[in-house]
Amino acid sequence: MPAAFLALLRRDLLLAFRRRTELLFPVAFLLVVVSLFPLGIGPGPALLARIAPGVIWIAALLATVISLDGLFRSDFEDGTLEQFILSGHPLTLIVLAKIVAHWLVAGLPLVLLSPLLAIWMNLPMESLGVMILTLLLGTPILSLIGSIGVGLTLSLKRGGQLLSLLVFPLYVPVLIVATAAVMAVSDGLPYGAFLGLLTAGLVTCVTLAPFASAAALKISVS
Amino acid sequence: MLAVSKISFERYFEPVFQPVSFKLEAGRLLLVTGANGCGKTTLIRVLAGFLHPSAGAYTCDAGSTAYVGHHLGIKDDLSVIENLRFMRDFLGVSSRNCKDVVIRLGLGRVSDQLARTLSAGQRKRCALGRLLLGNSELWLLDEPYSNLDQQGVGLVDDILTSHLSAGGACVLATHGKHRPEWASSHDYHLVSGAVEC
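For the record, the sequence lines run as chains H and U.
To get our numbering, take the position in the first sequence, counting from 1, and add 5.
To get our numbering, take the position in the second sequence, counting from 1, and add 53.
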């Protein structure tokens, strides 16, 4: 099974590399959305610093949802998903491999870009570390929860629109906790509890979300 | 290897095919024939476990099952050899050399081409590589001869013959005229809504 997990991870990364222009869309989207805020709200440094955590996190949610639809779509359409189900490997672990690959190509770039976004939004330097940490803990949760929605909407022709309606409400707790952690730093309050909550959320999602996604995928294939 | 007892499948409360029963022993081939829309693909998908039968049951004691259907399960953005390497590593049961398989499939000349640039017949051959790389006892083949040229049809018959003589079993659905030589006299002929044996 570990060999199949690694083979699938390697294949998905290779496929993502073959279509690297598509990888740029969520990243470019994130940059555009965040850069619109100073233009729309005005470049007052104090105001921008105050809204920076929320803006960066909401942009990260939007960018994730944009990239999510491709998570299982091509495997579903070309019949690879049927082969996965028939392979005898646990579908849960196959799903987990796909989610890891998705996070590496769609979630990790958001984390890596966040220092640049923080400068644009005039986020105080002392908050930057916690901002990166919340994204590091939070974006995998977005991929994991999103995979359930993708599995459920896979057999619909225009599943992407329904997908955003399905997953955004589930993203709300992540958004609240993550932005609260960053704001706590700016306000000089303790933020450890928020990071603890995010970590607990990540552990819960890694444990449970692949089971739900696998069940959803089986429904979509039948 | 496969015992099917009165399975049927309904879609929107209309039966796709009437109850089907058969027993498939090791080393045997079951040919499912019939006109378009009579339920051949649906039967194969039920046997593969993708669809649940509306009634009846089947038992399968094959170690693993291989399926080649209308959706070939190959990636357009990978080359032929990369597709086969992934199938081998993912199935994890074979140490076969993918280069040999490529040559057996008659794809030696295009092994480094992306699958999207191949013809329909070449793509089919690439998907059939799954059968050579795995060691599944039961094969479920849905129209394996479609898009293939004369030589490709011969290739399918060849690998089928060696699979069956090695003790494997196969359910093969086809609407075409070609019949593999292993086809026995008691094969199923599905007629929409009814079964003639």
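It is possible that part of the hints are untrue.
Said to hold, decoys possible - Restricting the straight-line Cα-Cα distance to at most 30 Å, the calculated cross-link-like pairs of lysine-lysine (DSSO-like) are: (1) K223(H) <-> K76(U); (2) K59(U) <-> K230(U); (3) K76(U) <-> K59(U); (4) K76(U) <-> K230(U); (5) K59(U) <-> K223(H); (6) K223(H) <-> K162(H).
No wet-lab data here; the hints were simulated from the structure.
Hints, verified against the model:
1. K223(H) <-> K76(U): Holds: K223(H) and K76(U) sit about 27 Å apart, inside 30 Å.
2. K59(U) <-> K230(U): The hint holds at about 27 Å.
3. K76(U) <-> K59(U): The given pair, whose Cα atoms are some 11 Å apart, holds under the 30 Å limit.
4. K76(U) <-> K230(U): Since the Cα atoms of K76(U) and K230(U) sit roughly 24 Å apart, the hinted pair holds (cutoff 30 Å).
5. K59(U) <-> K223(H): Holds, because 24 Å separates the two Cα atoms, which is no more than 30 Å.
6. K223(H) <-> K162(H): 17 Å, holds
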